[in-house]
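Protein chains: 2
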Amino acid sequence: MKSLQIKYDYTNLLAENIGKHGISMNEINNYLELAKTYHQNLLEDRESGKVGFYELPFNKILVEQVDKYVKKNKDKFENFVVLGIGGSALGNIALINSLKHSFYNLLPRRIRRGPRIFILDNIDPEYVCNFLDTIDIKKTLFNVISKSGSTAETAAQFLVIIDILKRKLKNKFIRNLVITTDKNNGDLRRVVNDYKINSFMIPSNIGGRFSVLSSVGLLTSGFAGIKIKNLLKGAEHMLSVCNTDNLIENPAYLNATFHYLLDTKKKKNISVMLSYANSLYYWADWYRQLWAESLGKNKNKNGEQINAGQTPVKALGVTDQHSQVQLYTEGPNDKVFSFLTVEKFRKDRSLPKFKGKYSSFDYLSGHKLSELFNAEMKATEYAISSKGRPCCKIIFPKINEYTIGQFIMLYEIQTAFAGELYNIDAFNQPGVEAGKIATYALLGREGYIEKTKDIFEKEKERKMI
Amino acid sequence: MKSLQIKYDYTNLLAENIGKHGISMNEINNYLELAKTYHQNLLEDRESGKVGFYELPFNKILVEQVDKYVKKNKDKFENFVVLGIGGSALGNIALINSLKHSFYNLLPRRIRRGPRIFILDNIDPEYVCNFLDTIDIKKTLFNVISKSGSTAETAAQFLVIIDILKRKLKNKFIRNLVITTDKNNGDLRRVVNDYKINSFMIPSNIGGRFSVLSSVGLLTSGFAGIKIKNLLKGAEHMLSVCNTDNLIENPAYLNATFHYLLDTKKKKNISVMLSYANSLYYWADWYRQLWAESLGKNKNKNGEQINAGQTPVKALGVTDQHSQVQLYTEGPNDKVFSFLTVEKFRKDRSLPKFKGKYSSFDYLSGHKLSELFNAEMKATEYAISSKGRPCCKIIFPKINEYTIGQFIMLYEIQTAFAGELYNIDAFNQPGVEAGKIATYALLGREGYIEKTKDIFEKEKERKMI
Numbered sequence: 047m048k049s050l051q052i053k054y055d056y057t058n059l060l061a062e063n064i065g066k067h068g069i070s071m072n073e074i075n076n077y078l079e080l081a082k083t084y085h086q087n088l089l090e091d092r093e094s095g096k097v098g099f100y101e102l103p104f105n106k107i108l109v110e111q112v113d114k115y116v117k118k119n120k121d122k123f124e125n126f127v128v129l130g131i132g133g134s135a136l137g138n139i140a141l142i143n144s145l146k147h148s149f150y151n152l153l154p155r156r157i158r159r160g161p162r163i164f165i166l167d168n169i170d171p172e173y174v175c176n177f178l179d180t181i182d183i184k185k186t187l188f189n190v191i192s193k194s195g196s197t198a199e200t201a202a203q204f205l206v207i208i209d210i211l212k213r214k215l216k217n218k219f220i221r222n223l224v225i226t227t228d229k230n231n232g233d234l235r236r237v238v239n240d241y242k243i244n245s246f247m248i249p250s251n252i253g254g255r256f257s258v259l260s261s262v263g264l265l266t267s268g269f270a271g272i273k274i275k276n277l278l279k280g281a282e283h284m285l286s287v288c289n290t291d292n293l294i295e296n297p298a299y300l301n302a303t304f305h306y307l308l309d310t311k312k313k314k315n316i317s318v319m320l321s322y323a324n325s326l327y328y329w330a331d332w333y334r335q336l337w338a339e340s341l342g343k344n345k346n347k348n349g350e351q352i353n354a355g356q357t358p359v360k361a362l363g364v365t366d367q368h369s370q371v372q373l374y375t376e377g378p379n380d381k382v383f384s385f386l387t388v389e390k391f392r393k394d395r396s397l398p399k400f401k402g403k404y405s406s407f408d409y410l411s412g413h414k415l416s417e418l419f420n421a422e423m424k425a426t427e428y429a430i431s432s433k434g435r436p437c438c439k440i441i442f443p444k445i446n447e448y449t450i451g452q453f454i455m456l457y458e459i460q461t462a463f464a465g466e467l468y469n470i471d472a473f474n475q476p477g478v479e480a481g482k483i484a485t486y487a488l489l490g491r492e493g494y495i496e497k498t499k500d501i502f503e504k505e506k507e508r509k510m511i
Numbered sequence: 047m048k049s050l051q052i053k054y055d056y057t058n059l060l061a062e063n064i065g066k067h068g069i070s071m072n073e074i075n076n077y078l079e080l081a082k083t084y085h086q087n088l089l090e091d092r093e094s095g096k097v098g099f100y101e102l103p104f105n106k107i108l109v110e111q112v113d114k115y116v117k118k119n120k121d122k123f124e125n126f127v128v129l130g131i132g133g134s135a136l137g138n139i140a141l142i143n144s145l146k147h148s149f150y151n152l153l154p155r156r157i158r159r160g161p162r163i164f165i166l167d168n169i170d171p172e173y174v175c176n177f178l179d180t181i182d183i184k185k186t187l188f189n190v191i192s193k194s195g196s197t198a199e200t201a202a203q204f205l206v207i208i209d210i211l212k213r214k215l216k217n218k219f220i221r222n223l224v225i226t227t228d229k230n231n232g233d234l235r236r237v238v239n240d241y242k243i244n245s246f247m248i249p250s251n252i253g254g255r256f257s258v259l260s261s262v263g264l265l266t267s268g269f270a271g272i273k274i275k276n277l278l279k280g281a282e283h284m285l286s287v288c289n290t291d292n293l294i295e296n297p298a299y300l301n302a303t304f305h306y307l308l309d310t311k312k313k314k315n316i317s318v319m320l321s322y323a324n325s326l327y328y329w330a331d332w333y334r335q336l337w338a339e340s341l342g343k344n345k346n347k348n349g350e351q352i353n354a355g356q357t358p359v360k361a362l363g364v365t366d367q368h369s370q371v372q373l374y375t376e377g378p379n380d381k382v383f384s385f386l387t388v389e390k391f392r393k394d395r396s397l398p399k400f401k402g403k404y405s406s407f408d409y410l411s412g413h414k415l416s417e418l419f420n421a422e423m424k425a426t427e428y429a430i431s432s433k434g435r436p437c438c439k440i441i442f443p444k445i446n447e448y449t450i451g452q453f454i455m456l457y458e459i460q461t462a463f464a465g466e467l468y469n470i471d472a473f474n475q476p477g478v479e480a481g482k483i484a485t486y487a488l489l490g491r492e493g494y495i496e497k498t499k500d501i502f503e504k505e506k507e508r509k510m511i
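The listed protein sequences derive, respectively, from chains A and B. First residue of the first sequence: 47, per the numbering used here; consecutive thereafter. First residue of the second sequence: 47, per the numbering used here; consecutive thereafter.
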């Protein structure tokens, strides 16, 4: 399967190729020894069970459970719907978009061979109501995903859905529900126990943004007909590639180090993931959470204020050439680019000749769409790097479960290692508490009402046109 | 219609409210006189006909042409498809997503009352092939949009589509085509003339990113049943609101000035548009192009190198609270936030009670989805601004054609004014040429082959794992 290994190309991150905004190999070499220490730290976190994502590729029992559950239920439902947000949604959205047909839900069932898939990742009232218009709820299986069992948005969706299900299906409503949550704790687990609802378990040492290869992502994948064994095999393969403390041979560690140095020494506070494949675009959204929530931290491990964190940005080739590339080539040199690119597409088409003399069309004829697409990728890489702006490439030989599994593990390890470089805790998210508390206060949740004063006082003196 | 005017709230951009990372009213007042000069410059660009977007709301003839064409063709087709990219696509995508049902293409025709709408804004080979799988091409009307008539991606799509149409429909193929391009120039106009194909005209003084209220956006809107008259009325209204050289009373000029000062004096090189409405999310994508391509410029009008341009970022509330807010509140203070928010949603739903004692659900019951949604918006604004990070709000009383039209004009004028502040040409895009030329070279287009050397020499020494 070596030929199916994704490759990491850092040519245009190097100062020798792009000039002073790049990083020299000397600067990288300064981290050779530190990398060994950081590798050891990560190994300890893994072995002590503090950090669990490394073990997900090996969970054969879960694969069997998912397969069994899917086999039993797949043909009973027209729709499979995830109620979840953040880490419960982003991986699922990316899996479906990368491994299924671009217009999956519009295809007839006989071609889909499975239920339509919806990931309801917001509580916008119009969006939720429009969703309810669209589906026949009796023919819909809802997978309620929340590790804590208390995520406000997922709870709200759950209240809406369970109320309708109960009214339409009476005491049979539990057939249309499966719950994915912590093994022992939280209100969703209590609901599982109280009502005897089918459930899956999210291990307590897996954070939301590292959970795509757990039950969180695998159940949806199963319903969509994605080969979850190959997904895990790919992840396992990348884990073995990255199981070296030699910085120069470890793509996850090396890319983390480049990004860290570009951020802290070269003022690249923006990390653009530029996907040259529609199917990979949503992995850029997944990356946004992984990178932002893991590294966007106020304080380092010593309690010193650092306000760390690159801002991840998603972009799509070639589409964004007509939107962002003007800025990328002429604006401030404040970004590092990661191109996602594909060598062999699953489908392709030749550009026919059009009768008549039209010079804007003629040069295209005879080429394949993939040739035009990848020529534009190469041209954009050239345009950006020749202006001295750092960019790297993640090259997919093709897109399938095996390469997607690799990609997931590559970026999870890269993020964990980046946490070591910044000396921050990459696995918590203390900054979201303030907003949660303010929401509780505004909704009058018991014990939080005092807090509203602060917020409403701000209300008084709005400046507005 | 005053009650339907969108409002601009800059409370939390002010230093007096958020501290040293904000802008004081004194700093704004320094621009009062300059604003009068800039207003005069823009007026001259408008009156001389150099810049045309201001006149789009008044094109009653176009409205009639569109209405007539739509009436005649709407019921003949199952699908209406835009072939176009960048400015030919982004406004259309945003219009459909903001003014139609969230799952429009999945609804049955009797509810839709119009054809399904697809905006094919990429040439990814899998995406294009999957699209062709999905539709019945004989029952599909293609609107080919390119102002120059030579956009490579649109030309490639056109070659694929016209070849299939000709094979399936023989000499009747022109019935399934309409072309939107320059009045006189370019190969698409030549095709219109050679084959007598229906066409619409893009005025020569309207750039792609300012074209949504021209034929580019109106024809799609017409087929989707969007009330284009109200769209234009909204734009006209905002034009009148912003037709003052008094900086303090002009929301477009004022927001441009705040953003300019935050970028250049307070190091906010990132501008996040955070939409608290799924339906408005794609306007953030439209804004990305408008802001990035207009202001991302190497040189100012005096030819001095400045590398100007904030990086626009799109984000979605509440979804991105579970992805980006950790970074937004604890990471570097390098962003200005623009919240898009809605006072009254078109649909809403109450959160029912769930039997049993579950404290994570109970506090939600009795509230409406909109209350939870907007409480989270308010809580997030509070969390971000209380950490001293600048944010403003664009408040939609509700979402309809009239308010969307206002929004479009507001941001177009804001962008034009920002061009004056940066002293750059906001209406060109010289930086995309390098990539185009390299693409031509790689595809062997006549006259460009020499250029390939450069690109292929770079190929030789890749650094890869």
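One thing to keep in mind: the hints can contain errors.
Treat identical chains as interchangeable: a pair holds within one or across any two.
[Claimed, not checked] Restricting the straight-line Cα-Cα distance to at most 25 Å, the calculated cross-link-like pairs of lysine-lysine (DSS-like) are:
1) Lys-118 to Lys-509
2) Lys-403 to Lys-229
3) Lys-393 to Lys-212
4) Lys-414 to Lys-482
5) Lys-214 to Lys-399
6) Lys-229 to Lys-275
7) Lys-118 to Lys-212
8) Lys-66 to Lys-313
9) Lys-229 to Lys-444
10) Lys-185 to Lys-114
11) Lys-482 to Lys-390
12) Lys-311 to Lys-482
13) Lys-390 to Lys-444
14) Lys-120 to Lys-146
15) Lys-122 to Lys-218
16) Lys-509 to Lys-497
17) Lys-106 to Lys-433
18) Lys-184 to Lys-414
19) Lys-96 to Lys-312
Hints listed in this document are in silico derivations from the structure and should not be mistaken for laboratory results. As the structure is a prediction and not an experimental result, all values here were calculated from the model.
Status of the hints after comparison with the structure:
Neither within a single protomer nor between protomers do Lys-118 and Lys-509 lie at most 25 Å apart by alpha-carbon distance, with minima of 58 Å and 48 Å respectively. In the homo-oligomer, the alpha carbons of Lys-403 and Lys-229 lie at most 25 Å apart only across protomers (19 Å), although the nearest pairing inside one protomer, at 68 Å, exceeds that limit. For the homomeric pair Lys-393 and Lys-212, the shortest alpha-carbon distance between copies (22 Å) is at most 25 Å, but the shortest distance inside one copy (44 Å) is not. For the homomeric pair Lys-414 and Lys-482, the shortest alpha-carbon distance between copies (17 Å) is at most 25 Å, but the shortest distance inside one copy (51 Å) is not.
Taking CA atoms no more than 25 Å apart as the test, Lys-214 paired with Lys-399 passes between copies only; the shortest distance there is 16 Å, against 57 Å inside one copy. In this assembly of identical chains, the alpha carbons of Lys-229 and Lys-275 lie at most 25 Å apart only when taken from the same copy (23 Å versus 56 Å across copies). In this homomeric assembly, Lys-118 and Lys-212 come within 25 Å of each other (Cα to Cα) only inside a single copy, at 22 Å, whereas the closest approach across copies is 47 Å. For the identical chains of this complex, Lys-66 and Lys-313 are neighbours both inside a copy (12 Å) and across copies (21 Å), given an alpha-carbon limit of 25 Å.
When the C-alpha separation of Lys-229 and Lys-444 is checked against a cutoff of 25 Å, the pair qualifies neither within a copy, at 37 Å, nor between copies, at 43 Å. Proximity of Lys-185 and Lys-114 under a CA criterion of 25 Å is satisfied intra-copy only: 20 Å inside one chain copy versus 42 Å between copies. Proximity of Lys-482 and Lys-390 under a CA criterion of 25 Å is satisfied inter-copy only: 23 Å between copies versus 45 Å inside one chain copy. Taking identical chains as interchangeable, the C-alpha atoms of Lys-311 and Lys-482 are never at most 25 Å apart, the minima being 34 Å within one chain and 32 Å between chains.
In this homomeric assembly, Lys-390 and Lys-444 come within 25 Å of each other (Cα to Cα) only inside a single copy, at 5 Å, whereas the closest approach across copies is 46 Å. In this homomeric assembly, Lys-120 and Lys-146 come within 25 Å of each other (Cα to Cα) only inside a single copy, at 16 Å, whereas the closest approach across copies is 31 Å. Taking the closest pair of Cα atoms, Lys-122 and Lys-218 come within 25 Å of each other only inside a single copy of the chain (14 Å); across copies the shortest separation is 44 Å, beyond that limit. Proximity of Lys-509 and Lys-497 under a CA criterion of 25 Å is satisfied intra-copy only: 23 Å inside one chain copy versus 54 Å between copies.
Taking identical chains as interchangeable, the C-alpha atoms of Lys-106 and Lys-433 are never at most 25 Å apart, the minima being 48 Å within one chain and 45 Å between chains. Taking the shortest alpha-carbon separations for Lys-184 and Lys-414, only the inter-copy value of 24 Å comes in at or below 25 Å, while the best intra-copy value is 45 Å. Proximity of Lys-96 to Lys-312 under the C-alpha cut-off of 25 Å is found in neither arrangement, the shortest distances being 33 Å within a copy and 40 Å between copies.
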